[in-house]
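These two chains come separately, so use the hints to put the complex back together.
Quick mapping for you: the protein sequence lines, in order, are chains A and B. Be aware that the first sequence starts at 1, since it is given in my numbering, and climbs by one per residue. Be aware that the second sequence starts at 1, since it is given in my numbering, and climbs by one per residue.
There could be a bad hint or two in this list.
[To be verified] Which chain A residues face chain B? A few, computed with CB under 10 Å, are given here:
1) 193
2) 196
3) 198
4) 201
5) 202
6) 203
7) 204
8) 207
9) 215
10) 273
11) 318
12) 319
13) 322
Derived by calculation from the structure, the hints in this document are not laboratory data. C-beta: ideal position from N, C-alpha, C; glycine also.
So the chains spell out like this:
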Amino acid sequence: MSAAASFLLRGGRVIDPAHGTDEERDLLVLDGRIAPADTPVPAGTPVEEVGGLLVIPGLVDIHVHFREPGQTHKEDVASGTRAAAAGGFTRVVCMPNTSPPCDNAGTLRSILDAAERKGVVRVHTTGCLTRAMEGAELAPIGSLARAGAVAVTDDGLCVQNNGLMRQIATYARMFGLPVLDHCQDTSLTEGAVMHEGEWSLRLGLRGWPSAAEEIIVARNLLLAEHTGAHIHLQHLSSARSVDLLREARARGVPVTAEATPHHIALTDAALAGYDPSAKMNPPLAAEPHRRALVEGLRDGTISCLATDHAPHREYEKDVELDFAPFGIIGLETALPVALEVLHRQEGFSLPRVVDLLTRRPAELLGLPGGTLAPGAPADLAVVDPDRTWTVGPGELHSRSRNTPWLGKELRGRAVATAVGGRWVYREGRILADNAEG
Amino acid sequence: MSPSETAHSWQRRHLLGTEDLAPAEIHHILDTAASFKKTLDRTQKKLPSLRGKVVANLFLEPSTRTRIAFEVAANRLSADLLTLTGTSSSLEKGESLRDTACNIEALRADMIVLRHSAPGSPLYLSRIVDIPVINAGDGAHEHPTQALLDAFTLREHLGDLTGRKVAILGDILFSRVARSNIWALTKLGAKVTVVGPSTLVPSTCTALGAEVSHDLREGLADADAVMLLRIQHERQARTHFPSLGEYTQLFGLNAERSSWLKPGALILHPGPVNRGVEIDSELADSHPSVILEQVTNGIAVRMAVLYLCASAARLASNADLPA
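Isolated chain B (complex conformation) (with noise of 0.2 Å):
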């Protein structure tokens, strides 16, 4: 299906989060993806949809593979880029976020692309500047493009999600890995499970629309998929589990738990791995793990984003979107 054929025509000019996407806006953005995904594989890659533009990528915490993910979506779309890195206390590099982006645009940005270690702050930009903007992570809140991208794979393994069951494994409480995931499959229709240790996976969560399991067997019972999140011992203050050694105890997939998953069960994970920790060593390269399948789907699922976002703030051409 090309983007053409879909209903729903798209209207946002910033993609802050998916907590407010409407399904018909994810299943878009989905399907938009799915049309650049096929260019990905021509030995030809760049597509003209914004030439002349400029993409700033404005990562004020430390991140390797979304930043290097949206360069190449947005260097498959002809835009140029412009990469600003740092620390995002205002304190520490002395000028304000909102300075920092009125600079951005003064330079004529076109859009920018934002990853930030404060909740809200993609919201927050978005009310002071006038290109588009794109959240790439604020802080424990959300990772839209991550969840997008999750959500592409599992609907091309798997097809519709009405149905389908979900689990979420490991640190919940500090991730928006976790909680863009819950919003984006649970509007998509599967049933999310939240799983890990008490300290990290709130009972609260059922507010958000998943359910809650301190218990791996049971979390994992029956799931068509499984979704790792990297565990930072040295982020959670070593206050919420007592060593990696446990958590692995505990917690960690390998062949056997793997086992009490739906039979074909996919593996998925935002990288980067630990291998080891979350998840055993041989289990992450074997055939149900689409680890790298999901970072290949990021960069079609960050084509279509910024594509769309731009479309939505008429900078994109429009006559170029491949068939």
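Okay, chain A solo, but in the shape it has when bound (with noise of 0.2 Å):
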């Protein structure tokens, strides 16, 4: 790695949302880290115009799939890394669903090592519920905690049995490590592809009803209530989950949730052509559902947006609907779509949109980052919001372009993106001289 540098960003809008920052003010970053706003600029530091940009924390994003090891034809550390650091983020959690699955502590530190040698960005890592994530007996969650797992989580599966579960949160609960779940009832899901309703009644595909998560849901209030152990609804798709959460959230509940950028974008429509990156889990649903998961943010029922970055190669999704694997990527796509859904649609706030995507996620999970502290490692983006760009292949530093949003134009876009005072990415390229990525 090269030494962390000093700077100073010229005339840009600096949101903080930490700290209540959002104003036109220089930054400066002295040996990689942030310098007190009346530190005097050292003769000689590099000067960096950013004038008509935002300078804001590195976006962080507690939800995706790496894929290694075992799948890294889809993505691996390396490439994943790069596609979050083109995105603007400088930190992510990665999903424990990889083959063999993360559930125990010698997988877990081999991710990290991964991330230490290929990675660009920051990468924490998650450990499983369940041994090989079959919903059966119970991972060792201690062993994972100690190895540096950040949160626990049976991603992609749900544990269906509810005595299990209890167990997991009362477990969990002792090393403080939040326990992040997939809400599905698989019951109410065999054979389904996309959201119960009119589509799929029109277009023949077999439905996935909103009940089926909003009984995770329930269950998982209820379990976080009797063991006061932390559960986090991953991506929540359903009205009826985001007036459950609501509730419990009110009667002090330790229950959280994310939305991504697609179900707070996109509903079951975009399925009318079959279009196999418009298929995820949970799947896009009918208008009312996105408009609640946006007004849950707004009031701050759902806590932060994360991407379910979730890469599959073409040849992969290139099938018929029914046979396609669930899952699109995120991690270039998440800043313009949140601008253009969030704030532009919506009318959120600027620093209210960075907020859920630096400070809101890293809180959650209790990890350092996602504010412009003085004297915290300049992880940093800058951004410029209004930027128009066509999402074409070649621009995607992902090795997968599983996404709805492919050849679409977008607006706003990372111009640059700092980790510790290191640029990463600017304008489109990887500036990192990680000798293996």
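Structure (structure tokens):
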């Protein structure tokens, strides 16, 4: 790694929600750290002119799939962290549904080692709830915690046995680890490929009722209340889930939730042409659900955005919709999509949108970062909120291209991304000199 | 009326469904089919329209009657046939639909008739290959030629379908025949009511333009025709209704219940018929039943569809259309 640098970002609009900052001012980075506002600029400090651009904390994504180990043809830590950097993200949290699953300390350490060697942004990882993600026996959550897991989850699969889920919550609480749950009652989703509603009926596709999520959400709220464990609901997709969560949070139940950019931007109408890049789990739902998610983000019921970046290669997705794998990539489109939907369409302030992508997710899992605090490592992104660009296949740094925005024009883009004061991304290019990447 | 007299000019290379057909297009197909139907009783049944052309029947889901009907239709038009059957799961057969389709095109087939378990697969295929794609049934989505032959049969008996009431009875949720018929018949002005158990007839069917009833008597009342769908208990995973016996008791059509229909109302069934389940055996063979007419009409309609789509793709010879 190159030495941490010093530089002055001059004339940008600095937004740091954790400190209530939203002003045009210079930002000095000294030896890789954010300098206090009144620090004199040492002679010879390189100056970056960022007038008209936003200077924000590096984005934080608590939900990515980097497919390492086991499915590195789709993505690996090298390509995944490069996609993150290109999207303005400086910190990500990997899901443990790798192959083999990350259900033991050895696998977890190997992922963190790979991140150390090949990654260009900061990588955390989670461990499984159950052995082999089979939903039957507790995974060694204590060992996973000691090895550095920041949370535990069987993301992609949902523990169906309520008794086991109760033990998981009780046990994980001992280590202060949040339990992240993918809420899906699988008895309601057998063979289902899209949200159940008018569109599924019209298209003849097997429908996935929103009750499949809501039932597990309700279960998790009750278990969080009974056990005192922090249960975090992943990628919420249903209006009723938001209602249930709002009520539980009002009573002080330790539950949180995330929403994805795609669930707040798109509806099940995106399946009209049987496009496999609109197939994900949970599925895109009807408009009232989309609206409820936006309102949940507005009133704080939903704490943050997370991408559920789920790479699959073209040839894997280029099949009949029924046979296509679930999931889309999201790291490189999250920021423009969030700006479009929340800021320009829904009137969220820019600091509020930045908050949902930085401080909130970091706080939720107790991660460092997500702020431009003086003295903190300079993890930051320089963003042009109005730059329009086309999501061409050559623009993406992920190894996969499975996004419904492929070929579409988006507005807003990270211009440059720095991790610890080191520029890792600038204007479409990865700058990190990490040899194995 | 011969096709040349039809005001509408046919432009489609693919027939993927009835949902996106305009009423004029449906009439165009039915008028063309009427011309072809006349040729079916000739001693020399072959027309030269598709001579030298190859029609690939790609049937990736078990089907006998639709496949045979397409074969007969293609034969009557003098096309050569390439029949490929198998399972549709790309995992099982180890080759993707894309690769299979490209191979068929490389074999110089001129059209593909596709039967597939996956909804939307004909649309997907039509984006891959340059040759016409005819949907012969895609999962629970569409079965346009079945709906067109049903409409043809109804029109032969009832004339203009405007204001006519058609009841579709049975498993609507999993039925491509129901969907294609709802769209085709409502475009022709008919009023469609879907009838059956609440687990198989979702209330959201109203969004497709149909009325919904879970009461057989109410659903059949004053109908000009009733269309029965095949009940497949194994397919409905035994969770949608308790038994064939209970289904028959509640929704099976028999002589007494057929009296709830308008006098002389037609009974249609896409086949194969489960005698004693969705329809009483004697009733299936009785006068108001047009089940075998549907089979014959299916040839004429499929000839029309093959001919029209081939014409739009400049494959068919124009000189030899029957008068």
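Okay, the hints, checked on the actual structure:
no., hint, result
1, 193, "holds, 9 Å"
2, 196, "holds, 9 Å"
3, 198, "holds, 4 Å"
4, 201, "holds, 5 Å"
5, 202, "holds, 7 Å"
6, 203, "holds, 6 Å"
7, 204, "holds, 3 Å"
8, 207, "holds, 9 Å"
9, 215, "violated, 17 Å"
10, 273, "holds, 7 Å"
11, 318, "holds, 6 Å"
12, 319, "holds, 6 Å"
13, 322, "holds, 4 Å"
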